[in-house]
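Residue-level listing of the chains:
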Amino acid sequence: MAASEHIVGRGIGNKLILFTVILVAVFWMLPIAWTLLLSFKPNSELMISTASAFQPPYTLKNYTDIFQSSGVFRWLWNSAVVSVGVTAGILILSSLAGYGFARAEFKGRDVIFILVLLGLAVPEQAVIIARHQIFSDLKMHNTYPAIILPGLSSAFGVFLMTQYFKAIPKDIDEAAMLDNASRFKIFWKVLLPLTIPAQATLGIFSFLGAWNDYLWPLISATKPEMFTITVGMASTQTNFAQSEGLGFLMAQAIFAGLPVFIVYLFFQKYIVRAVAGAAIN
Amino acid sequence: MRKLSTVLLAGLVVTAGAGTALAADKTEISVSRFFGACEADYGSVTDVTKANGECGIITALINKFNAESTTTVVKPEIVEWPGYDQLTARIRSGEPPVISVMHEAVISNYSSRGLLEPLDEDFAKAGIDVNDMTDAARQGVTKDGKIFAMPFDTHTWLWHINMNLFKQAGLVDEAGKPILPKSTEELFAQAEQFKQKTGKPYFISTLANETAFYTRTFDTLLYQQNADFFADPNKVNFSSPEAKGALQLLSDIYTKDYTTKNQDYAASVSSFAAGDGGVFICGTWLVDTYDQEAKKEGVALSNGYAVMPFPQIYSGSPRVWADGHSWVLLKQDLSDAQRASAIEFMKFLWDNNYEWARTGHLPIRKSIIDSDQFKALPFRADLAPLAVNGTALPSAVKLQFSIQDIEGEEVGSAMRGDKPVDQALADAESRINELLANAK
Amino acid sequence: MTDVTLSSARPVAAKRPGGASIGPRWTNALFVAPYMVFYVLLLVYPLFKGIWMSLLQSDMFDDTSKFSGLANYYRLFNDKVFIGTVWNTVLFVVMTVPVFVVIGLLLALALNRSDRTAAALRAIFFGTSVLSVTIVTIIWKMMYMPGNGAIASVMRYFGLDPIAFTTTASLALPAIAITTIWWIIGLPMMLFLAALQQIPGELYEAAALDNASRARSFWSITLPSIRRTMLVVVIYEIVAQFQLFGQAQLLTQGGPNNASRPIVQFIYEQGFRSWNLGYAAAASEILFVIMAVAALAQFFASRKRVEE
Amino acid sequence: MQVSSIELDSVSKRFGSVEVISELSLTIHSGEFIAFLGPSGCGKSTLLRMIAGLETVDGGEIRIGGERVDNLPPGARGVAMVFQHYALYPHMTVADNLAFGLRNIGTPKDEIARRIEEAARILEIGHLLARKPGQLSGGQRQRVAIGRALVKDPKAYLFDEPLSNLDAALRVRTRVELARLHQQTRATTIFVTHDQVEAMTLASRIVVMNARKVEQVGSPMEIYGRPATEFVARFVGSPAMNFLPVQIRDRGGLATAALGDGSIVETDVPLAGLPSGGELRVGVRAEAIHVREDGSVPGRVEVIERLGDRTHLHVRLMDGSTLIAEDKGFSRIQPGDTVHLAFEGATAHLFDAAGLAYHARQ
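Residue numbers (this note's numbering), protein chains in the order written: chain A, 1 to 281; chain B, 1 to 440; chain C, 1 to 308; chain D, 1 to 362.
Hints were generated in silico from the structure; no laboratory data involved.
Each hint should be verified, as a subset may be incorrect.
[Unchecked claim] Straight line, CA to CA, 30 Å or less: simulated DSSO-like cross-link-like pairs of lysine-lysine:
#, chain 1, residue 1, chain 2, residue 2
1, D, K132, A, K189
2, B, K331, C, K80
3, D, K132, A, K170
4, B, K295, A, K61
5, B, K26, A, K223
6, B, K26, C, K49
One chain only, chain A, in its complex shape:
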């Protein structure tokens, strides 16, 4: 893996660097450690001073309170539905379109592909006002489709999958053609299984993107029961919450961050590989 780690005579330098990075990493974790510490303190003490975080008493009440206040669970669920929906949608649409643009010829294809590429230049924020109007006119806000669908228009996935399909040797499809496979069968049975690494990359990026999306859910999911965790957490961090329920707020933050963090730790290897995959493409 590492290119030069075994070269003789660089041991001390390497150790020094590692030590520095460990130090930086400790600092990197301080904000989370601080949040964690605050989350175990009674709100009333924190209202006087957060310095009390360094002394007992500590309590789990902030966490048990989460189970009683309805919000977070519902928001996590919404986020899960939305993220899975966006991810699945993007994977399906991008795979189909990627195969189409890379392999299935039809008239005007190249022109359409260039138009799609131009779509990469359109940031979500630039169309957000108009999109909100459109979904308002359709009376679709505060539904899962409204939160999910705009994410499916992103050209990034199509671009990525097209590139990936193009990189697969064409003789595989040709072999399949000679094996009397239909277009869809070639896509579905022969090429799609070969794109699993790209699907993983795109899937992880899409999932994290949807999970962390803020602007669109903020204006589309305006009923508390439709909040995603991101919007829900935004709705809790008001001035009042900070002054009177600081510990609870911190517990919520930790709790809300936990699921995706655990998923991350679990899939770390794949995520790293997926990001690397995106880099090499």
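Model the placement of chains B, C and D on the given structure of chain A, informed by the hints.
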């Protein structure tokens, strides 16, 4: 683990309970509110007298209503403060909540666009005597001659005082009342004296991350000088000597270190509780919170909390910035049952206005202000005149929240010395007038 | 290899129809059609609708919008606050992108090892990227809070006057930048790591045999080998950081005195706070133009990559 | 067992405005093993792919077993192809790779199993059936690729440079196996290669192509012994044929070629057919140039390549031109030695300026 599962179970039961209530043929109405979330502490409290603080009392009020009403279930929807961006998005989406809490300052934005239901007839039918409303409240909810909201409180700008430090500074009279300035000179003299004696700043103020302090204080100082900066509702006027004087005053307080600096809301709230300064200029909603704190032993505020209206340091008038929370009925396809339920809930809030006033907010009913029960609450005798003196912007002024934001930003940058006073006033004026010129 | 004849029970040519054939077929368009529906309805149409809206004076709740030509744009270019947001956004990009590149690369260099410690450290630096912006801002509010924040407490402990990050005009944007870097340094680090692992180890061995120092190896082997990734990271980060919104809205609300308000927040506030849809749409189009230029740069850069 | 002839009738192909194959006609007989030989870019693969249906045909007709196929999709043509890089489906097991095509045409399960078993037996890949291509060596993959063709019992086998990815030893072995396989199946086979040895050893007929043209069609020994053009002469045979500019003299109706240094090569090429004007060159293979005491052409040896059974000498003649001559395996000649070369005039050819060959009468 056992505790956890109990709690989980309890949560399930509560949810299931809500489900059965729905099934029992009651009309459900959604009520959107801020004031924070505290189901954890008050989720099952129906005895409002046991609740404290804004969040606790409103949660308990709704619980009580749901427990008592035979026809209606209120589904509270808790939103970010102040939440108007999302409310806007939500109204535009065609699915507004049935009832929403709303500052009186912004009602006209919505009412003028036909987004709110006028309530005069409903109130009359429900037996709500609008003549019992205080003048401030009634003006606050009346737009173009119609009532568009059920007022909930009048909240104004107060001086929360740490009497323990005031005593130490020698700023308490024989009657045990705090000695407050009656002029700008006195203000500086007393602030200096306070600083000398206690080593702490006279003021605690919320100067960071929000603009409310600046706008509210600055408006109050203008009102006290009788400067009518919105004579024309479409144009603000900050180019008066009064405006300049007021802003200079704030700037001087800052440069002379008579206030804590760089504290955001949470920091200033806790800073006062921790005894870091003499006067916390903040709103009515903290009265009860600090009063409770003062009842504890061994804390900075122990037996040493007082609260006073913003003292008159200019000779003009005792008027002070004010706004009010109110409840509006949003225009949508409401069934008769839903509308009836909404009015039933508003009537309930009207009837229980005293409970809300326990937070420190001023009640919106004359009968409550005059009641012995209210007067028996601590400090309320001193605060009652604010129901009269509390002053809002003229209701013809549009986009009041946006205006207050701009005003606060500019006043703040001058107070903190980021901008010269004249420059800030000129910028505020031109930005607000630009906003109003383009407003519908 | 004795009996070779594959005696067929029946002719294989008794085929079912439907084997794919080469050349253009309109049915092939069915593969891209589903995506194109979303693309046209949710990207192209809103884009043009937005451009049209930017030419109107329209209110969120008032249907009497009237055509006003370029009036909104004219107003934008004379709006100090808007110009300020453009400036803030550019400044933010200038603040963050070089840091993303430098720190991302340094971390990647240090962690380009195959042992467990390095893996754990990589997990730490990338791990924060999976948190929502709202959680990140909550965490950092607790760091920055002038009164009770961790940084303030530490400074006070050492007898220093706490720095008010989010409330000092000159520090608000850097505070957001620090938070942003903390949040998503993982991505550039990973991209650089991937690039570093593409460099053949022999190059370093050859360099070591040639008595090249570590620094020398870095300048003459590592840097040239990863310059494409460098370009990708730079352009990606430029595009990404131009879209700053959540951190600013939640940490500083754009303050103090507009010192940290980015373009996207301006659009959001004009639309949903001032209800000024035409004006918000016009600001969106300005953002679009800026981003389109950046994206085109990316396109050409990546094309050059392919040609290389 | 179905074997069919393949007919190409005035077939043309354009890529954009470039005509890569023009009006090519060729008949491949039923059961024949034919090789398309030529350097890369000569159009041989394109031609094969047109037969397979992987490239469109811009003009002319292709018939397989008498049935016109140029409008049929690849799968409907009943041919099987073995690709240069094998093109195995990486995510399927070997068995699934073999079965895929049969399943697509609805072959019954037991029939599929039977054919896979049979092919596995023939190709000795029975133990690999459960593995995936990634777990196979290059030679094993090659066999699987052939097996995939075999199970389909096609009208014709199309091989596109199938040996180019194997190492030298394996290539030779596979070559022999392919030859044996064809001898046993007698299936119509088209084999595309740039390697003249493969073409020579395997094919019953070779189509030599260059620059999108057919240079020559003929049996291996025709191609070797009587190359139609300078290109064929240079491309086929190793080392490449020597070419030396010559002056022609009459020797009883046959051409005698005088080299630059004045020495003489007596060819059997009839003078009659030769062009009157223009330069001519003599073409002689290394094996027809020997080192002999009495050799008439002196030269200096510059490089020696020992091949074991024979030795190639790179010799510079007096006039500065160079050629390759052959000596016995244990040659004592050292670089720098002066040698005398004798030409076998009977196997020499003459080539005109356009590269057209003139051969001895047969």
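Cross-check of the supplied hints:
Taking the CA atoms of K132/D and K189/A, the gap is about 15 Å. The hint holds against a cut of 30 Å. With a CA separation close to 37 Å, the supplied pair K331/B and K80/C exceeds the 30 Å bound. Of the supplied pair hints, the one linking K132/D and K170/A holds, its CA atoms being roughly 19 Å apart against a limit of 30 Å. Proposed proximity of K295/B and K61/A is supported: the alpha carbons are some 24 Å apart, at most 30 Å.
Of the pairs offered as hints, the one joining K26/B and K223/A holds, with about 21 Å between alpha carbons and a cut-off of 30 Å not exceeded. The straight-line distance between the Cα atoms of K26/B and K49/C is roughly 43 Å, outside the 30 Å bound, and the hint therefore fails.
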